[in-house]
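Q: Residue numbers (the numbering used here), protein chains in the order written: chain A, 796 to 1039; chain B, 13 to 651.
Just so you know, the hints here were simulated from the structure itself, not pulled from any lab data. Heads up, the beta-carbon is just placed ideally off N, CA and C, and yes, glycines get one too. A few of these clues could be false.
To be verified - Using 20 Å as the maximum straight-line C-alpha spacing, the simulated PhoX-like pairs for lysine-lysine come out as follows: (1) B:K507 x A:K837; (2) B:K193 x A:K1000; (3) B:K192 x A:K1000; (4) A:K825 x B:K517; (5) B:K395 x A:K825; (6) A:K837 x B:K521; (7) B:K646 x B:K547.
Claimed, not checked - Listed next, with one range per pair, are the computed distances between beta-carbon atoms: (8) B:K494 x A:K806: 22 to 32 Å; (9) B:K521 x A:W893: 27 to 37 Å; (10) B:E642 x A:K1037: 52 to 62 Å; (11) A:D911 x B:P487: 33 to 43 Å.
To be verified - To give an idea of the chain A side of the interface with chain B (calculated C-beta under 8 Å), a few residues: (12) Q805; (13) E830; (14) A952; (15) A967; (16) A990.
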Amino acid sequence: MKLTLKIWRQKNARAKGNFETYKMDNVSPKMAFLEMLDALNKRLVEEDKDPVAFDHDCREGICGACGMYINGHPHGPIPAITTCHLSMRYFKEGETIWVEPWRAKSFPVIKDLIVDRTAFDKIQIAGGFISVNTGAAPEANSILIQKKKSDDAFDSAICIGCGACVAACKNASAMLFVSAKITQFALLPQGRIEAKERVRAMVEKMDEVGFGNCSNTGACEAECPKQIKLISIARLNREFYKAF
Amino acid sequence: MGKLNSKIPEGPLATKWTKYKASVKLVNPANKKKLEIIVIGTGLSGAGASSALGELGYSVKTFCYQDSPRRAHSVAAQGGINAAKNYQNDGDSTFRLFYDMIKGGDFRAREANVYRAAEVSNEVIDHYTALGVPFARDYGGTLDTRSFGGVQVSRTFYSKGQTGQQCLLGAYSSLNRQIKKGNVTMFPRREMLDIVLIDGKARGIIVRNLLTGEIERHSAHAVVLATGGYGTIYYLSTLAVNSNASAAWKAHKKGALFANPSFIQIHPTCVPQLNEFQAKLTLMSESLRNDGRVWVPKTKGDIRPANEIPEEERDYFLERRYPTFGNLVPRDVASRAAKERCDAGFGIGETGLAVNLDFRDSIKKQGKDIIESKYGNLFDMYKTITGIDSYIEPMRIYPAGHYTMGGLWVDYELMTTIPGLYAIGEANFSDHGANRLGAASLMQTSGDGYFILPNTISNYLADEIRVPKISTDKPEFEETEKAVLERLNKFISIKGKQTAASFHKRLGKIMWDYCGMVRNEEGLKKALVLIKELKDEFWRDLNVPGEFSELNQELEKAGRVADYFELSELLVNDALDRKESCGAHFREEYQTADGEALRNDEEFAYVAAWEYAGEGKPHILHKEELTFNEVEMKVRSYK
Ligand SMILES: Cc1cc2nc3c(=O)[nH]c(=O)nc-3n(C[C@H](O)[C@H](O)[C@H](O)COP(=O)(O)OP(=O)(O)OC[C@H]3O[C@@H](n4cnc5c(N)ncnc54)[C@H](O)[C@@H]3O)c2cc1C
Ligand code: SF4
Ligand code: FES
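Same shape as in the complex, but just chain A:
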């Protein structure tokens, strides 16, 4: 396939960025999107030009490192996958593809497509844990949990911390991300003990690091590669009101 890429290039956090145009020939539909960027970068380095910087690691949709807008969609136009899982078979011959970093006040651009997501870690540090010291845990089967509850907790626990929900939201809200952790722990007896402190601390930190409010648009759910459900935000709100 032949394609045209319009990629956001920005030297560093202070620099003004702009879109650069790159022509790609010979793109195989069997390539992954990031492999296509690898091919572009190979060419750029061979021409002694600055390659496009982007975050990535596992390349199998689980580490949460990758993430960019592709044609206006966080992680690209295909629902429920990460950027690294996006295949070129979804693009058409001759297509122009727009590639940009996450845009959110709390995720400042570092270079090109790399943004700073440490705000997410700060929220988790504030309360995203159960306080148990190594060695102090009871025998695992002494905590019985309904299978359904445990499965539901798992469905929230699979958030990969990619930030697509924030990027998708017009208010740059991190509610889906926070609600995923809150839901996981709220459903488990181990997590109930500190439930109040946790939700207060995480929500407070979320506001402090500058994420916006939720206006129930649902864009986050639509773009979340792990299909974290909007109802977890409702649970977060419930947990939050219960905490005072």
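Mind docking chain B with the ligands on chain A? Use the hints.
A: For chain B with the ligands alone, kept in the frame of chain A given last:
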């Protein structure tokens, strides 16, 4: 062999660890705060160690190169984590888990360490459960388990196909708790580029801040490497693409012996290569072999779609060759059997480098719902990558580089041959011998980090309490930093034409072809020549655009590939030295009449621990003889 004192405690195997803990030197709580420990890595081993050391009250500084500790490669583990809970009443015990690992490792691991890993496995499961890790459960609310390659009991705890993610997020949460308490300071996006020794002891590290390019010095009373494995030496592997050996290699060049480097596990069930720019090979969890049957057509070049090939024309080669274990034979056995069929011309797909993994019979027997509940996310992932629906058609799989049993040599206390330098998790060599059993790494990395290192490190630190905070102005820091800068400058000043990744890819191909699933003397010798040529070309024709004083991903890659060239040579030499076949190390010259690995216990029942002797000089081999008191060394048979 004064270098190798494995410090295995006296006494019966089953009581060594308890006795060790009861007699180890302790550090008084008031002194712990004054002792600083650097932990490099935030996988299960590093995050676990940082959390546990923080809980004990030490001052911990933790580093990783990802933007967040939550992204360490452990996050990608799929299938599960073992423990000897015997919840199924199927005859499991600490001893059986130990025995399975010793046997699975083809009698090339140290008894005492393996027994201890099995011993702490139950505590690991208790701990993760308490941390809120949502392991799969049965309807009565108890934890569920499944069986995993190479064993006949069901002892693998799991969270669908995302066990590594769930355990790592648990470990990340315990790490966060210590960060909040101020016991751990986290330094993400830092790459350790060298280790600093003062009077022969590990006292600090030099790191590059990957965002700014700044070089930083950090000091401590002890340094812990939890930096993972080096399976990406093959370029294409199941590991996260940024995984690398540099931290371990730097430690090695400073005096830490490197053990069994050529013991690398090739995983049988991975998505085959689809295009020439492929960056990684995705693993399809081994748990799939519980319900999937592996086969190729009985006729060469049969290009009919799999579903059109009738039952009698299918060769279920694992079931045929290994009737007892069938599709659940250990990984090395399954990988070689698949390679054998493909090399013989029975492989499927465009490249002929693939075999079928078929769920038809299980779906018929158990129903699609059950299969979906067990493996739904794996089927989804396979479809995302290939576009194929494996509820209808079999998956296509092929082996890929996966796990490095080799690593830094450590003693019973997990200390390397450099005093004060520890290696935990996949970065050390200790528990898996020549082949790792499924779900035994998450168990070992977690055990090392949470339960073992925090106990053993006090034995060293107890004698360090009078050492004040170490100044980073010392000449040793100065010199090490200078050497690091020189090397970075060297990469930038070559100004050649080729990318680091393109060299990595070519190196990986050499390693895969000559030092992969099967090896022989001729091929290994040829590899040494090819590696040398490519390495020279690398230092002549590499191009790294930009500066080192800025975010520069090409520079990061160049450093890692440069180290891989050096490690490759050692790896091949290790494979040459070991004139036997054992576990994942299969030398064609040493096999039985029916093509199984032929061990030579008389001559090779040792750990090969290699000492760096200086630039351009051959490594020096130290042998740690392995003795087996509790188990009989048997031919590993899965027939
Ligand atoms: C696809 C896949 C699936 C797997 N599934 C299973 C499974 O089901 N069960 C099982 O038991 N095992 C499994 N394994 C193996 C297991 O996941 C790993 O062996 C284990 O997670 C390694 O953990 P670790 O803590 O040693 O290191 P890792 O998790 O690899 O972490 C390494 C850490 O070190 C840091 N680091 C490395 N070098 C540097 C440096 N120079 N400077 C700074 N930081 C550095 C990294 O940032 C990272 O934080 C699987 C492996 C793969 C590849
Ligand atoms: S909620 Fe979804 S989109 Fe948001 S960080 Fe988690 S996985 Fe990514
Ligand atoms: S690179 Fe890990 S999720 Fe995409």
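Q: Go through the numbered hints given earlier and state which of them the structure violates, listing their numbers in rising order.
A: Of the numbered hints given earlier, those the structure breaks are 7, 12, 15, 16, listed in rising order.
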